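Engineer: For the record, the sequence lines run as chains F and Z. Residue 80 in the working numbering is what sits at position 3 of the first sequence, and the numbering runs on without skipping anything. Residue 395 in the working numbering is what sits at position 318 of the second sequence, and the numbering runs on without skipping anything.
Treat the hints with care, since some could be wrong.
Since the list gives no way to pick out one identical chain from another, each pair is judged satisfied if it fits inside one copy or across any two copies.
Unchecked claim - Think about it this way: if two alpha-carbon atoms lie no more than 20 angstroms apart in a straight line, the pair counts; the simulated SDA-like pairs of lysine to any residue are:
#, residue 1, residue 2
1, Lys257, Gly126
2, Lys271, Val327
3, Lys107, Asp262
4, Lys382, Tyr321
5, Lys103, Arg266
6, Lys147, Leu296
7, Lys359, Glu414
8, Lys326, Ile312
9, Lys147, Phe176
10, Lys320, Lys382
11, Lys257, Ile420
12, Lys257, Arg178
13, Lys107, Ser323
14, Lys350, Gly299
15, Lys199, Val159
16, Lys147, Ala232
17, Lys182, Glu138
18, Lys360, Phe260
19, Lys326, Arg316
20, Lys326, Ala295
21, Lys147, Asn249
22, Lys350, Gly410
None of these hints come from the bench; they were simulated from the model. These figures come from a predicted structure and were not determined experimentally.
2 protein chains.
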Amino acid sequence: MSSQQERVVIIGSGNWGSAASRLIGKNVTKSSRFEDRVNMWVYEEVLNGQKLTEIINTQHENVKYLPGYKLPKNIVAVPDIVEAVKGATVLVFVVPHQFIRNLCKQMKSAISSHCRGISLIKGIDFNESGPLLITDIIKSELNIPMCALSGANIANEIAAEKFCETTIGYENLEDGKLMKELFHDDMFRVGFVKDVAGVQVCGALKNVIALGAGFCDALEMGNNTKSALMRIGLIEMQRFAKKYYSNVKVETFMESCGVADLITTCYGGRNRKCAEAFIRTKKSWNVLEEELLNGQKLQGTTTAKDVYLTLKKDNALEEFPHMVTIYRIAFEGLPVERIVLDI
Amino acid sequence: MSSQQERVVIIGSGNWGSAASRLIGKNVTKSSRFEDRVNMWVYEEVLNGQKLTEIINTQHENVKYLPGYKLPKNIVAVPDIVEAVKGATVLVFVVPHQFIRNLCKQMKSAISSHCRGISLIKGIDFNESGPLLITDIIKSELNIPMCALSGANIANEIAAEKFCETTIGYENLEDGKLMKELFHDDMFRVGFVKDVAGVQVCGALKNVIALGAGFCDALEMGNNTKSALMRIGLIEMQRFAKKYYSNVKVETFMESCGVADLITTCYGGRNRKCAEAFIRTKKSWNVLEEELLNGQKLQGTTTAKDVYLTLKKDNALEEFPHMVTIYRIAFEGLPVERIVLDI
């Protein structure tokens, strides 16, 4: 019986991974479809002389990345990636994307032959030929079907059980339903789209549009202007997704991963905040990351650069005037007023 | 030659009508397609012993409804509706909707036989059988083709020439293009949709969703929740429009009149503000209208009631849980926490 049950493993244990583990840990116990125990691979750290995995497994709290919220007792922290994923049939990826390839190579021989995965990783990658989805990177390493989850999901608000929605992009409906069962909750409503690429492109490009929202806030241009720029940004996100991924669906942009996440990010996120400060203080991005984000890197500026280089290579700059203007304000000293004039 | 030119007349001279007259007055002089003179029908009032029409025609400023911004000199205020519309080939309607029928009856015999119109009037009407578009009311009275214009358009921000967008819904493309020529400007970008109904339904229902945003703000539920409720509201706006107007287009909701106006209204508008105060102060809507709006009526509460009664009659309440919950919180004493629980 047990061998037919799904064995779920969470790869990652940061702020978002810990919040997600609260949902997953609860949901697996509701259905006989899943084994109760869920391993969570934790990048081992030592806090005040104690290992983080030990703290999680005894106090049931990730005191470093999600302090103040208990994790379910069936979430078991495991520091060794191969041991963590042994026999896994469902993998939940929630690590910074630069670690993905290396982790996949290590886990490849240990997972079940009928394993599938879902990526909660924000952003997309770029190489010389263009954008590269995180799910495609994982597929190329592990050769497993992949879903993606993204939405207006601030981890601490989810942990506090404040109502929100999310979107799962799937390739085949059965996998989508399985993943929904893992995440769905009264306070965390899961929507569905058959569009793995669109969901991930939204999650990456909204950070670029949020830089524009921050520039607009610094100009004190009023609500009409800000909502117009957000709308134009949403259209360019859609145009970009369709240009590089032909199966992208229009509906995706009306889901939580599209319009809702864009709104949240353009009103509350750190990309918006740093972009406003960039104009007001004239400080460099590096200094702002140091001062406002404790040295963490902004995703929006990196993505703006990647998008610009890709569009330039493909002779498509004029199809994306808003994202190009945002890049030029951020990196080429274009006056911020051009945010509306160059559309 | 002059007889082939379009004669444009603006019906109304409030805050929005006056801001629109600045765009129209400028645009007609750019093209030989239009007569330079544009009559503006003004509901006559006396200010400090002087008639409002005289003030507008001498000072070129609507000192009561749009103080601080000059109107173009080719905008001519006319207090008599029949005289104002004589020979008109293009009518721009921008009066409170309760005056429409009576005005139409008066102007019917004076307008040109090939006249067309555009409605800038916010909101829709309801009767016993359901929603009633302002453009359909005008068509039933004057039997002329009608367009509708709506968007994230706060009149004072437009007068201050802050960048924004708007949407024109048209029935036939030629009329749409004509109307675009009247309004389009570098700082007031006109988008197009072949969807007269969708544009107007957006303009009305966004005020209901903004009440929900205000309730959410009072609960201090955070950004995830607010953007989720806005997104669900947008989907219900779309569902409602499709239910009552079969030709409504999905794209309309991605235009300025859809997502952008919804964002503006849920962050900045008076419906949002009064709804937050309704929860925080427990005062009645009437008292809040008195205290916060100088006795002006809220559009969102009236529309919420009309929508509820229509859906109830049509046994469709369960298709619109969010708008129904907003109505019940606003009028039936439902606890505000249900805003998320009843979705």
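Engineer: Each of the hints needs a verdict: does it hold here or not?
Structural biologist: Structure-based check of all given hints:
| no. | hint | result |
| --- | --- | --- |
| 1 | Lys257 to Gly126 | neither (38 angstroms within a copy, 69 angstroms between copies) |
| 2 | Lys271 to Val327 | both (11 angstroms within a copy, 18 angstroms between copies) |
| 3 | Lys107 to Asp262 | within (11 angstroms within a copy, 58 angstroms between copies) |
| 4 | Lys382 to Tyr321 | within (17 angstroms within a copy, 45 angstroms between copies) |
| 5 | Lys103 to Arg266 | within (15 angstroms within a copy, 50 angstroms between copies) |
| 6 | Lys147 to Leu296 | neither (42 angstroms within a copy, 24 angstroms between copies) |
| 7 | Lys359 to Glu414 | within (14 angstroms within a copy, 43 angstroms between copies) |
| 8 | Lys326 to Ile312 | both (13 angstroms within a copy, 16 angstroms between copies) |
| 9 | Lys147 to Phe176 | neither (26 angstroms within a copy, 60 angstroms between copies) |
| 10 | Lys320 to Lys382 | within (18 angstroms within a copy, 44 angstroms between copies) |
| 11 | Lys257 to Ile420 | between (39 angstroms within a copy, 18 angstroms between copies) |
| 12 | Lys257 to Arg178 | neither (25 angstroms within a copy, 52 angstroms between copies) |
| 13 | Lys107 to Ser323 | neither (38 angstroms within a copy, 42 angstroms between copies) |
| 14 | Lys350 to Gly299 | both (16 angstroms within a copy, 16 angstroms between copies) |
| 15 | Lys199 to Val159 | neither (24 angstroms within a copy, 62 angstroms between copies) |
| 16 | Lys147 to Ala232 | within (14 angstroms within a copy, 50 angstroms between copies) |
| 17 | Lys182 to Glu138 | neither (29 angstroms within a copy, 72 angstroms between copies) |
| 18 | Lys360 to Phe260 | neither (41 angstroms within a copy, 40 angstroms between copies) |
| 19 | Lys326 to Arg316 | both (11 angstroms within a copy, 18 angstroms between copies) |
| 20 | Lys326 to Ala295 | neither (34 angstroms within a copy, 35 angstroms between copies) |
| 21 | Lys147 to Asn249 | neither (34 angstroms within a copy, 60 angstroms between copies) |
| 22 | Lys350 to Gly410 | within (19 angstroms within a copy, 38 angstroms between copies) |
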